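Chains as they are written, first to last, in the working numbering: chain A, 185 to 438; chain B, 185 to 438; chain C, -18 to 292; chain D, -18 to 292.
Read the hints as simulated data drawn from the structure, not as lab findings. Keep in mind that this is a model prediction, so the values were computed, not measured. One or more hints might be untrue.
Residues on chain B that point at chain C, a partial pick, calculated with CB under 8 Å [stated by the list, open to error]:
| hint | residue |
| --- | --- |
| 1 | Leu260 |
| 2 | Gly356 |
| 3 | Phe359 |
| 4 | Ala401 |
| 5 | Tyr404 |
| 6 | Thr411 |
| 7 | Thr416 |
| 8 | Glu417 |
Subject to a maximum C-alpha distance of 20 Å in a straight line, what follows is the list of computed SDA-like cross-link-like pairs (lysine to any residue) [unchecked claim]:
| hint | chain 1 | residue 1 | chain 2 | residue 2 |
| --- | --- | --- | --- | --- |
| 9 | D | Lys284 | B | Thr337 |
| 10 | D | Lys250 | A | Glu346 |
| 11 | C | Lys284 | A | Glu324 |
| 12 | D | Lys158 | B | Asp278 |
| 13 | D | Lys288 | B | Tyr404 |
| 14 | D | Lys261 | A | Gly277 |
| 15 | D | Lys158 | A | Asp262 |
| 16 | D | Lys193 | D | Glu41 |
| 17 | D | Lys250 | A | Pro353 |
| 18 | D | Lys261 | B | Arg325 |
| 19 | C | Lys250 | B | Tyr404 |
| 20 | B | Lys314 | D | Glu41 |
| 21 | D | Lys250 | A | His341 |
| 22 | D | Lys284 | B | Met414 |
| 23 | D | Lys250 | A | Tyr350 |
| 24 | D | Lys283 | B | Asp394 |
| 25 | D | Lys250 | A | Ala405 |
| 26 | A | Lys407 | D | Asp241 |
| 27 | C | Lys261 | B | Asp278 |
| 28 | C | Lys158 | B | Met414 |
| 29 | C | Lys158 | A | Tyr433 |
| 30 | A | Lys314 | C | Lys283 |
| 31 | C | Lys283 | A | His341 |
| 32 | C | Lys261 | B | Gly435 |
Facing chain C, from chain B, some residues (calculated, C-beta under 8 Å) [to be verified]:
| hint | residue |
| --- | --- |
| 33 | Tyr350 |
| 34 | His406 |
| 35 | Gly420 |
No residue lacks a Cβ here, since even glycine has one placed at the ideal position from N, Cα and C.
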Amino acid sequence: MSVDKQHLLQFLLRQGDNTLVLGHRVSEWCGHSPILEEDIALANTALDLIGQTQMWLGYAAEVQGEGKSADDLAFLRDAWDFRNVLLTELPNGDFGRTLLRQFLFDAFQSVLMGRLMQSSDETVAAIAAKASKEVAYHVERSADTVVGLGDGTEESHRRMQEALEYLWPYVGEMFASDETDAAMAAAGIAPDPASLREEYDALISKVLTDATLDIPAATYAHKGGRTGYMHTEHLGHLLTSMQWLQRAYPGCEW
Amino acid sequence: MSVDKQHLLQFLLRQGDNTLVLGHRVSEWCGHSPILEEDIALANTALDLIGQTQMWLGYAAEVQGEGKSADDLAFLRDAWDFRNVLLTELPNGDFGRTLLRQFLFDAFQSVLMGRLMQSSDETVAAIAAKASKEVAYHVERSADTVVGLGDGTEESHRRMQEALEYLWPYVGEMFASDETDAAMAAAGIAPDPASLREEYDALISKVLTDATLDIPAATYAHKGGRTGYMHTEHLGHLLTSMQWLQRAYPGCEW
Amino acid sequence: SEQEREFQDKIDNDIKIEPRDWMPDDYRRTLIRQMGQHAHSEVVGQLPEGNWITRAPTLERKAILLAKVQDEAGHGLYLYSAAETLGESRDELVRLLHEGRMKYSSIFNYPTLNWADIGAVGWLVDGAAIVNQVALQRTSYGPYSRAMIRICKEESFHARQGYHAIMNMAFGTPEQKRQAQSAVDRLWFPAIMMFGPTDADSTNSDQSMAWKIKVKSNDELRQQFVDQTVPQIEYLGLDLPDAGIKWNEERGHYDFSDPDWSEFFDVIKGNGPCNVDRLKDRVAAWDDGEWVRDGLMAHAQKKAAAKVAAE
Amino acid sequence: SEQEREFQDKIDNDIKIEPRDWMPDDYRRTLIRQMGQHAHSEVVGQLPEGNWITRAPTLERKAILLAKVQDEAGHGLYLYSAAETLGESRDELVRLLHEGRMKYSSIFNYPTLNWADIGAVGWLVDGAAIVNQVALQRTSYGPYSRAMIRICKEESFHARQGYHAIMNMAFGTPEQKRQAQSAVDRLWFPAIMMFGPTDADSTNSDQSMAWKIKVKSNDELRQQFVDQTVPQIEYLGLDLPDAGIKWNEERGHYDFSDPDWSEFFDVIKGNGPCNVDRLKDRVAAWDDGEWVRDGLMAHAQKKAAAKVAAE
């Protein structure tokens, strides 16, 4: 495999692992939402994310060229081989934190997918085109909920502000750049994430202002997810559930 | 394997799975107890239970005669092959429920181990002799805590009474009898569990009375753990953690 | 009375009763109870399947299960809406559920213990539900009947997917087949209990039949389910879960054993394997979500007030 | 003053200071802070290891880990008791921890991400702790010194067990070896940061050394740890985690790279990978346990009152 292919594989794993892990987290809500409409909406969000995962990891497996499937990549890698940003693996917390995490991710995806639709890699462009429609809907919905809860009661405002304090240090990692990103940018496959920050900040500033929430001043950013160097302790526990059947009964048809 | 051996194996799995699963549950408290002394005590309880598991499952593996180890039995059977009573697999709930579950089980073990020390099977008698010392300490400690919390504040009393309502329907299964129990009794290996109920009731009535708790009137008993027919949904989740490494990396030395 | 006679005439002539039509109080009460229980069943029914969403073995299976659970929540919405046309609010029905004063289908008080159970729930449980719901498409209350028509379409899709999932298990490795057998063994009797007690023991059935709130008797529906399901079990190559199942040439139906009705009544009374946990989960979801509902409501009111002020 | 001179004479002559002896306020304060932080570290240190107790791969490993964590909680008790001899209650120290006004060892703000990390924590983290604690056995305050002597014995046992655990990983399958390498790579710099900033940047060290609250400088201890650990890494057949590690014949010590001290100060400030989760876990344990402490206290008072009444 040429160096470019290794970088492309990393890039695709980052995309697919983000949606896989966040989709898993969102699916944990099933049957436990504050209101029936939210059970439906969260299941729908999880479903879209898993659908995007099938595309990203399917292409990743193809690029890898070792005869593996998207399922192999999803269910047979251990934590340190995952490339999702830490934000996506954080525990759900309360409903507000889940929706705020969703919004912070949706906003990133909405900016990124817009650019990826112009990718020089046709498959990437096609996946992004399909995902971007879903993402546009997700970000609208999560933004509305964040505004509603931020600018709701005193309690809902307090909870959302606390959620923002907790999640904020995990936002920066989405915009980290390394040699893989440089290679993707050079090949016209994907933009350098750092170049997306301005548009992202404009988008979330507007929504968080409408939500009457204060963006924390702290600039510290946790990292280690998208490189795999240091995930949180939470990811390992998530995988024990997610990968259970494939680990316990290897090689089955399901 | 003769029929007797199959029954003996079942009997040993029931003993070992009880201590394994309860030991696992108790170990989940690590670092999260209400007070440092309880972190120590709970770790100690879990440690004793895991030690007993090594003896019971070690002997079970020997009786099974398929060249397996206690670890193979602990980490490579799926939920339906577990033979622990449902009581031991219930989620911890709050500290009070954990201690009450412990007491309800310790009381049973204290009665049973006393009898098993007279077992016609020397290995069973030896394991019981060793376990009974630990169990005597456990039941004293858990009884004291149940009394202290039951007869403490209004809140602690309410929580303990709620815990008792929740746990009570799982007590009956410990005294269920089937053909395995009949075979064990006939061979003088173990008493019929039903024959232990009177002594058990006397023991727990005294403690629960001191704890100012009311034993629920309901006589319904959940069952399905000691036969493996129908565990709770909780056991499967417990196993995803407990068996993770052995499932993900089969055949390793640890 | 005149009204009562007219009402019954409509029913007898298969003219649907609509929300604004006059109806006997008991008809309204019975319908609210039945639709409410049905709605609650859809909502609580998310839990046993949700129990395996985080462990679904492939991305495809996870997506299918998510879509199914999403549909079920949607069915809950249709049915609560249909009940609202009779003047009973969703919040009130939910309150009655949480206080233990309304029921949901007894089947959801059984645990899902292996992956084949998820297939079996789709195939057997949704299968049984469909038998009942197909009949209810002809129910006399218009909104209920129309909800059933929509729901049935999605449910048959689920039942097919469930059968496909358990097929993969039954035709898979010995371990997988064992799980499929266990699922059928454990869920068979609970599934045939879903149609309710035997006709002999079924209270209020006559009036419900006359009002076409019920369209077929419990035993008729049960027989229909057994007849369609036994050949499917055989196709899977699994052992029949009831030694009493036998083709009766004379009747043109399968004979089968009675379930343990004392178990059924125990479950109904709240003593099933999962009653306590299921209700606790639902109540916790509701209570933990109070601040969310309050927050969103407060925001909506602020927005409305701001709009009025701006006008 | 006279008292101060006598006090310093005792220290210079290696006579232990005991709780009732006169001591300067700063000596007391510094000791309380140091012992408190040490106690907190033992308590918080349960969490990263507890993270793997439920996933320990064998019964034996699970038992060893449980025993270790139990010991650590015990060390916490010794140290809080030692601090209490200076008039500071455990509750007060815990309050300061929970309010973020007292620290614990920065190492526990790093995650345990694979099973080899558990071995590495025993070997590297307890190993580093021991280097520090062996020196502190000679500390001037009697109760602290005696606590250190007890603790050191158990800690060396843990360090050996940890090394044995990571040996199995390093000498195991390629996957296991990869985990061992990852553990060493991730934990090396955090471990050598455990000795605190370089002597040049270490505030208040001179006074602590004069009082024999500190017995060796941070850099001396760090060098000692590096010297004992590098051969162990080599024995495991793992790559050295720092390209700068090299035997310096002249010094008779290993040279090694400075850790990224900005990371250290970030972690101290609360920005480490796990600071927020660790403190949240501890505060939740304390808050959730309030009813338990209150209940047991109320019962003890009732019993005491009943005893008085009976007399």
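Now the hints, each set against the structure:
1. Taken as an interface hint, Leu260 (chain B) does not check out: its beta carbon lies about 12 Å from the nearest beta carbon of chain C, beyond 8 Å.
2. This hint is violated: Gly356 (chain B) has a C-beta 12 Å from the nearest C-beta of chain C, more than the 8 Å allowed.
3. A least Cβ separation of about 18 Å between Phe359 (chain B) and chain C goes past the 8 Å threshold, and the interface hint is therefore violated.
4. Interface hint status for Ala401 (chain B): violated, as the beta-carbon distance to the closest one in chain C is roughly 13 Å, over 8 Å.
5. A hinted interface residue such as Tyr404 (chain B) counts as satisfied when its beta carbon comes closer than 8 Å to some beta carbon of chain C; here the least separation is about 4 Å, so the hint holds.
6. Among the interface hints, the one on Thr411 (chain B) is violated; its C-beta lies about 12 Å from the nearest C-beta in chain C, farther than the 8 Å criterion.
7. Contact between Thr416 (chain B) and chain C, as hinted, is supported at the beta carbon level, the nearest pair being about 6 Å apart and thus within 8 Å.
8. For Glu417 (chain B), the suggested interface contact is upheld, since its CB lies about 4 Å from the closest CB of chain C, less than 8 Å.
9. Between Lys284 (chain D) and Thr337 (chain B) the CA atoms are separated by roughly 13 Å; this keeps the pair inside 20 Å, and the hint holds.
10. Between Lys250 (chain D) and Glu346 (chain A) the CA atoms are separated by roughly 19 Å; this keeps the pair inside 20 Å, and the hint holds.
11. With a C-alpha separation of about 17 Å, the suggested pairing of Lys284 (chain C) with Glu324 (chain A) holds against the 20 Å cut-off.
12. Under the criterion of a C-alpha separation no larger than 20 Å, the hint pairing Lys158 (chain D) with Asp278 (chain B) is inconsistent with the structure, at around 39 Å.
13. Proximity of Lys288 (chain D) to Tyr404 (chain B) is assessed by CA-CA distance (about 40 Å); at most 20 Å being required, the pair is judged violated.
14. Only pairs whose Cα atoms come within 20 Å are accepted, and Lys261 (chain D) paired with Gly277 (chain A) is accepted, the gap being roughly 12 Å.
15. At roughly 14 Å between alpha-carbon atoms, Lys158 (chain D) and Asp262 (chain A) fall within 20 Å of each other, so this suggested pair holds.
16. Between Lys193 (chain D) and Glu41 (chain D) the CA atoms are separated by roughly 41 Å; this puts the pair beyond 20 Å, and the hint is violated.
17. Restraint check for Lys250 (chain D) and Pro353 (chain A): satisfied, since their Cα atoms lie roughly 14 Å apart, inside the 20 Å limit.
18. Of the supplied pair hints, the one linking Lys261 (chain D) and Arg325 (chain B) is violated, its CA atoms being roughly 29 Å apart against a limit of 20 Å.
19. With a CA separation close to 11 Å, the supplied pair Lys250 (chain C) and Tyr404 (chain B) stays within the 20 Å bound.
20. Proposed proximity of Lys314 (chain B) and Glu41 (chain D) is supported: the alpha carbons are some 18 Å apart, at most 20 Å.
21. For the suggested pair Lys250 (chain D) and His341 (chain A), the alpha carbons sit about 27 Å apart, so the restraint of at most 20 Å is broken.
22. A C-alpha spacing of about 44 Å is found between Lys284 (chain D) and Met414 (chain B), which places the hinted pair above 20 Å, so the restraint is violated.
23. For the suggested pair Lys250 (chain D) and Tyr350 (chain A), the alpha carbons sit about 15 Å apart, so the restraint of at most 20 Å is met.
24. Straight-line distance between C-alpha atoms of Lys283 (chain D) and Asp394 (chain B) comes to about 12 Å, which keeps the hinted pair within the 20 Å bound.
25. A threshold of 20 Å between alpha carbons decides the hint, and for Lys250 (chain D) with Ala405 (chain A) the separation of about 13 Å falls inside it, so the pair holds.
26. Using a Cα cut-off of 20 Å, the hinted pair Lys407 (chain A) and Asp241 (chain D) holds, with the two alpha carbons roughly 15 Å apart.
27. At roughly 15 Å between alpha-carbon atoms, Lys261 (chain C) and Asp278 (chain B) fall within 20 Å of each other, so this suggested pair holds.
28. At roughly 17 Å between alpha-carbon atoms, Lys158 (chain C) and Met414 (chain B) fall within 20 Å of each other, so this suggested pair holds.
29. For a cut-off of 20 Å, the pair hint linking Lys158 (chain C) to Tyr433 (chain A) stands: about 12 Å separates their Cα positions.
30. A C-alpha spacing of about 36 Å is found between Lys314 (chain A) and Lys283 (chain C), which places the hinted pair above 20 Å, so the restraint is violated.
31. At roughly 14 Å between alpha-carbon atoms, Lys283 (chain C) and His341 (chain A) fall within 20 Å of each other, so this suggested pair holds.
32. For the hint linking Lys261 (chain C) to Gly435 (chain B), the alpha-carbon distance of about 41 Å lies beyond 20 Å, and the restraint is violated.
33. Hint on Tyr350 (chain B) holds. Least Cβ distance to chain C is approximately 7 Å, under the 8 Å limit.
34. The closest approach between the C-beta of His406 (chain B) and any C-beta of chain C is roughly 6 Å, which is under the 8 Å cut-off, so the hint is satisfied.
35. Hint on Gly420 (chain B) holds. Least Cβ distance to chain C is approximately 7 Å, under the 8 Å limit.
Consistency note: the structure conflicts with the earlier hints numbered 1, 2, 3, 4, 6, 12, 13, 16, 18, 21, 22, 30 and 32.
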